[in-house]
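Novice: So the chains spell out like this:
There are 4 protein chains.
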Amino acid sequence: MVKVGILGATGYAGAELTRLLTGHSAVQIKFLDSRSYNGKKYSSVYPNLYNEIDMHCNTADLNNLSWIDEIDILFCALPHGLSQKAVKIASSEGKRVIDLSADFRISNKGVYEQWYGVKHEAEEELKKSVYGLCEVHREDIKMGQIIANPGCYPTSILLPLYPLLKEDATSLQNIIIDSKSGVSGAGRNPSDSILFSQCNENVKAYSIASHRHIPEIEEQLSLMVEKEVIIQFTPHLIPMTRGILSTIYLENSKDLKSKDIEEIFNINYKNERFIRLLTEGDLPQTKAVTGTNYCDIAVKIDDRTGRIIIISAIDNLIKGAAGQAVQNMNIILGFDEGMGLNQMSQWP
Amino acid sequence: MVKVGILGATGYAGAELTRLLTGHSAVQIKFLDSRSYNGKKYSSVYPNLYNEIDMHCNTADLNNLSWIDEIDILFCALPHGLSQKAVKIASSEGKRVIDLSADFRISNKGVYEQWYGVKHEAEEELKKSVYGLCEVHREDIKMGQIIANPGCYPTSILLPLYPLLKEDATSLQNIIIDSKSGVSGAGRNPSDSILFSQCNENVKAYSIASHRHIPEIEEQLSLMVEKEVIIQFTPHLIPMTRGILSTIYLENSKDLKSKDIEEIFNINYKNERFIRLLTEGDLPQTKAVTGTNYCDIAVKIDDRTGRIIIISAIDNLIKGAAGQAVQNMNIILGFDEGMGLNQMSQWP
Amino acid sequence: MVKVGILGATGYAGAELTRLLTGHSAVQIKFLDSRSYNGKKYSSVYPNLYNEIDMHCNTADLNNLSWIDEIDILFCALPHGLSQKAVKIASSEGKRVIDLSADFRISNKGVYEQWYGVKHEAEEELKKSVYGLCEVHREDIKMGQIIANPGCYPTSILLPLYPLLKEDATSLQNIIIDSKSGVSGAGRNPSDSILFSQCNENVKAYSIASHRHIPEIEEQLSLMVEKEVIIQFTPHLIPMTRGILSTIYLENSKDLKSKDIEEIFNINYKNERFIRLLTEGDLPQTKAVTGTNYCDIAVKIDDRTGRIIIISAIDNLIKGAAGQAVQNMNIILGFDEGMGLNQMSQWP
Amino acid sequence: MVKVGILGATGYAGAELTRLLTGHSAVQIKFLDSRSYNGKKYSSVYPNLYNEIDMHCNTADLNNLSWIDEIDILFCALPHGLSQKAVKIASSEGKRVIDLSADFRISNKGVYEQWYGVKHEAEEELKKSVYGLCEVHREDIKMGQIIANPGCYPTSILLPLYPLLKEDATSLQNIIIDSKSGVSGAGRNPSDSILFSQCNENVKAYSIASHRHIPEIEEQLSLMVEKEVIIQFTPHLIPMTRGILSTIYLENSKDLKSKDIEEIFNINYKNERFIRLLTEGDLPQTKAVTGTNYCDIAVKIDDRTGRIIIISAIDNLIKGAAGQAVQNMNIILGFDEGMGLNQMSQWP
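Taken in sequence, the protein lines are chains V, F, C and D.
Be aware that the first sequence starts at 1, since it is given in the UniProt record's numbering, and climbs by one per residue.
Be aware that the second sequence starts at 1, since it is given in the UniProt record's numbering, and climbs by one per residue.
Be aware that the third sequence starts at 1, since it is given in the UniProt record's numbering, and climbs by one per residue.
Be aware that the fourth sequence starts at 1, since it is given in the UniProt record's numbering, and climbs by one per residue.
Since the hints were made in silico from the structure, they are not lab data.
Fair warning: this is a prediction, and the values are worked out from it, not measured in the lab.
There could be a bad hint or two in this list.
Since copy identity is lost for identical chains, a pair holds within one copy or between any two.
Here are the computed lysine-lysine pairs in the DSS-like style, where the Cα-Cα straight-line distance is at most 25 Å [claimed, not checked]:
#1 K40 / K259
#2 K40 / K270
#3 K85 / K166
Construct all of the structure, not just a fragment, from the sequences and the given hints.
Specialist: Structural data, given as structure tokens:
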């Protein structure tokens with residue numbers, strides 16, 4: 001059994017990690033860290049796990065990582081800024097770390113500091129970190145010591161764009177991405193903007209032209225084509241709990257047909273367990289991926305306008321967070337990538 | 001008192017018309033037509049109006065419009081294709097008609113027939129009809145006999161675009177519009193795709209590159225600039241009952257600043273009762289306009305990408321349907337435009 | 001114009017008061033007090049009121065009530081415990097006060113202190129206060145200086161029970177009340193239990209056998225029959241923003257028929273503007289009263305079990321809070337009770 | 001591998017059966033019958049199962065059951081009235097049948113016909129059928145040929161009541177049950193009352209004193225105590241997709257304490273995989289059981305009123321339908337009862 005610990009186990013991403021790892025047949029959870037619920041039974045904080053897990057929350061001492069000896073792999077699901085210290089010590093002890101925060105996703109320290117407004121205190125570790133977008137960076141992940149688990153929006157955007165950019169199938173100009181997210185993406189920390197009564201029967205855009213996932217997306221896209229890529233990205237908050245739907249507008253500069261695009265996807269993703277390409281007019285919907293590690297993708301060519309429109313759907317807390325983290329662990333350990341991730345989505 | 005009749009009074013747009021006209025101090029409703037609920041008490045179909053209205057539904061005979069004599073103004077809230085006959089006879093009797101269907105919105109009969117897949121049987125009336133976008137075509141509406149009440153998506157898109165196009169403030173290339181609508185936009189006719197269990201906790205795009213509001217929007221934009229305008233339009237269905245939020249991406253070809261855009265809006269809309277321009281970072285949300293005839297608009301300049309991003313919010317059943325129809329009636333009759341439309345939105 | 005001030009204007013009940021009073025043709029709002037949003041534009045806290053109201057929030061100094069001179073009537077929408085001081089001073093200045101907190105609803109100071117866990121510091125004022133259930137205590141309200149605006153659950157329960165208890169139509173044994181409330185009843189103060197992601201797709205009971213509205217309901221029922229009445233009351237939180245539905249189980253000890261009950265309601269409520277008795281199998285639903293001051297009621301006799309089942313529906317923030325407060329003000333001032341309260345509910 | 005077929009596989013209960021059986025390691029699905037979607041790919045009707053299942057819907061000929069030879073066990077998820085013929089033929093061929101309709105739940109043919117308004121055409125089979133409430137009738141189920149899978153409301157009510165009635169812990173007078181259900185309980189057949197726009201932001205009672213689950217519940221309770229039991233049952237429709245919460249009011253005639261009740265539950269349910277008794281003030285919520293076969297139960301004693309209040313929560317489509325059906329199959333076949341039913345609930 002692989003022994004793991006989770007820092008930040010009572011946030012929503014941490015809770016999904018806890019649930020998925022509890023159901024992973026080769027994993028044993030050694031500790032569940034929480035700052036908000038120290039000493040509480042985990043199943044009183046997450047009553048879905050009553051009788052499934054019999055552990056208590058404990059606030060890990062980040063200055064004295066004696067607990068690090070207990071584990072083989074550390075999952076960090078702390079807010080950005082907080083995980084740097086833990087990642088630093090854990091990696092100095094030779095542990096492999098999967099970090100779900102933004103702290104190790106952007107390779108350029110200055111860019112990170114500019115967009116996140118905090119100093120980066122673990123520059124050496126940043127240099128060693130690998131961006132954990134499983135289907136794209138699998139080989140690097142296998143050897144990586146620090147895996148920066150991708151953000152939820154970036155996952156929903158990079159996975160469908162990767163084959164098209166890699167195969168040089170679209171112009172890099174005028175990439176416009178309009179994303180719609182459920183409220184769980186904002187976490188469990190109480191604030192006015194995520195109250196039921198503020199979100200229900202309401203939709204709004206936020207962080208227009210300024211969302212922190214922009215530099216993460218742009219860096220990854222730029223790496224794919226070895227050129228600087230600039231995108232327009234607008235996130236929206238919609239009245240549902242889970243899921244991200246991204247609508248991506250591209251120029252069809254090579255006048256491709258639907259079947260060309262499908263072929264490009266097939267070449268790149270045919271054997272991918274967690275990518276589903278919908279065809280014949282079927283379109284992604286978040287409900288069809290909720291509870292799973294899938295990324296559903298469909299492509300539509302608009303001949304009137306000369307554009308390619310891509311729709312992708314993921315569960316923001318699974319493929320967009322905890323599920324991808326487990327998939328990264330499976331890659332690191334040489335396990336089957338689907339281990340612990342084979343749940344089917346419920347409908348309705 | 002102005003005497004009015006409503007064809008299609010038990011669809012959602014018809015029901016809002018009925019409610020708004022019941023509260024209009026200068027209007028008397030003479031009949032409420034319904035094919036689905038003939039003979040039923042109106043308030044058993046719309047229990048919100050119990051004690052507010054004491055009328056029954058009656059199916060109007062479209063071949064024998066003797067009832068036309070009772071009224072001064074006819075509202076048609078029938079599905080597209082069905083209202084042509086009624087509009088024809090009513091207008092031949094000299095009545096003024098406000099039609100909420102798509103049948104008189106597109107001036108080119110062939111374009112209508114191509115996108116809607118039905119023949120247009122009232123070509124003469126089509127030629128006489130006026131597009132009832134109040135803030136833009138007010139003068140024509142005053143004199144119009146047949147008012148084609150705009151579609152919900154077009155209203156949310158044309159109102160914010162009008163000042164910018166009129167003032168030549170943006171390129172006509174690469175206009176991309178990503179809209180999010182509540183489920184009531186699909187009406188009350190039961191079908192699988194609008195069931196609670198299919199829509200709740202779900203978001204999806206639909207009619208990508210093929211929605212029937214595209215030719216309506218493009219015709220109106222083309223009229224504004226006297227050039228052919230092509231747009232990209234993608235509607236999405238989100239889990240709420242009311243509201244449309246449209247996110248519009250434009251090229252900032254003249255390198256305008258926020259205050260330039262605000263000035264353009266002020267010049268054109270300063271005295272408009274139902275346009276609210278949000279500034280200082282406030283962004284439209286559908287909840288803030290629900291139940292009202294407002295169109296809320298905000299503009300964001302993205303200097304990184306050279307784009308103008310516009311967000312607009314309306315209540316699809318009010319400014320996007322029944323409210324605008326009442327506003328059109330007020331214009332026609334020389335009433336204050338706000339009559340019957342002064343309700344404030346509730347929060348939460 | 002009647003000049004009013006609102007303490008606690010940025011909670012949800014305070015916001016509805018602000019909206020309703022803004023639309024009241026005989027009222028002028030002089031100040032909007034808020035502890036959370038001092039100095040902010042009111043319409044930035046409640047964006048629905050953009051362009052409708054042009055005031056800022058100001059934190060009223062409760063130790064120096066110089067502002068009291070500006071107003072004729074004070075509305076207190078502060079949390080329980082906080083309003084006692086303000087009510088004390090305002091009433092000592094001869095002002096009439098409508099208090100929406102629980103502080104003056106329970107006549108017995110000891111009972112209040114036991115259930116609310118705070119000391120009551122305004123015993124003299126408590127003695128003078130009138131319980132503002134408009135349809136029941138109208139005559140006392142007319143003369144009252146301090147009106148204790150009823151709780152939301154009590155309003156939904158006392159209004160349907162009053163005629164039956166007054167007419168001695170039911171046993172006082174085994175009164176069981178099962179209520180379902182939207183989340184706005186819990187206010188706008190951020191906490192884990194009212195987050196969108198915690199409430200959506202979820203239903204739960206809370207405060208079983210211990211909810212603070214129990215002594216308020218029991219006192220009022222006991223007054224109606226001049227005997228001690230004990231009830232069973234269970235509130236539930238359901239995933240909607242507004243509305244309370246109460247299901248009330250009574251023993252049909254006199255073997256009444258539906259028409260007997262309807263007659264009892266007619267005798268007592270025939271001329272009540274805001275009570276709607278549904279008959280012929282129609283049942284109350286919260287959507288039909290949302291946005292209105294109505295209390296919808298239906299009665300069902302179960303011959304198999306010998307019980308009377310009553311269903312009532314109100315908008316918790318209007319008839320259950322701000323609307324009833326305005327109705328109380330209208331009574332006090334001799335206005336028509338419907339002034340400012342004539343909005344119809346939207347559907348859907 | 002056990003070979004199974006599903007009649008009515010495209011209703012919501014049938015879809016959950018299909019999903020759960022697809023994930024059951026000892027089961028092979030041989031056919032998926034559907035009247036509405038004949039010939040369609042199953043995953044186009046249930047897009048959550050894209051790539052998980054590669055079968056098409058076929059309308060089974062109920063007059064020529066040649067397909068019966070392919071299977072070992074037949075699941076019927078047809079509407080009531082329709083399954084009698086299939087159950088008759090299947091059982092005459094010696095197949096074991098698990099029927100999810102109401103047709104074999106009520107042992108008295110006359111009572112069935114009275115409440116359901118249709119004739120019962122399979123009286124012999126009715127006599128042989130076993131009521132499949134797993135935790136209560138396990139021994140009978142093992143030997144049963146026709147298993148009548150319990151209704152959703154009855155499951156949520158009978159499971160918590162069984163230990164108390166069996167141990168004679170409560171009076172049989174004044175049993176009042178107030179249940180709250182998500183909309184999926186009404187199925188996928190489109191109708192006005194289950195449209196998103198009709199249900200969202202709305203709650204209502206329905207079928208007061210007349211719901212068809214009443215005779216089913218009363219028969220089972222009467223069997224438990226060998227006396228006639230009469231209940232009051234009121235179902236409510238609330239704006240969520242899945243889940244039932246039942247609030248049950250009992251007389252605490254023996255003046256039991258919380259720990260007495262807990263002991264009674266422990267005696268009866270200690271080893272039950274799918275019953276969770278919540279203690280220490282924790283209360284059931286539907287979200288904690290969604291996606292699982294659990295029934296969560298909590299008990300509260302109200303000393304003021306002398307009542308026991310029980311709250312139970314289930315997923316109406318799993319423990320209340322398809323999950324219990326799979327559990328019944330596991331019992332019949334001597335499998336571990338948890339096979340195919342070990343999914344944990346997601347939160348949020």
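Novice: Compare the structure with each hint and give your call.
Specialist: Here is what the structure says about each hint:
Taking the closest pair of Cα atoms, K40 and K259 come within 25 Å of each other only across two copies (23 Å); inside a single copy the shortest separation is 54 Å, beyond that limit. Taking the shortest alpha-carbon separations for K40 and K270, only the inter-copy value of 24 Å comes in at or below 25 Å, while the best intra-copy value is 45 Å. Taking the shortest Cα distances, K85 and K166 never come within 25 Å of each other, neither inside one copy (35 Å) nor across copies (56 Å).
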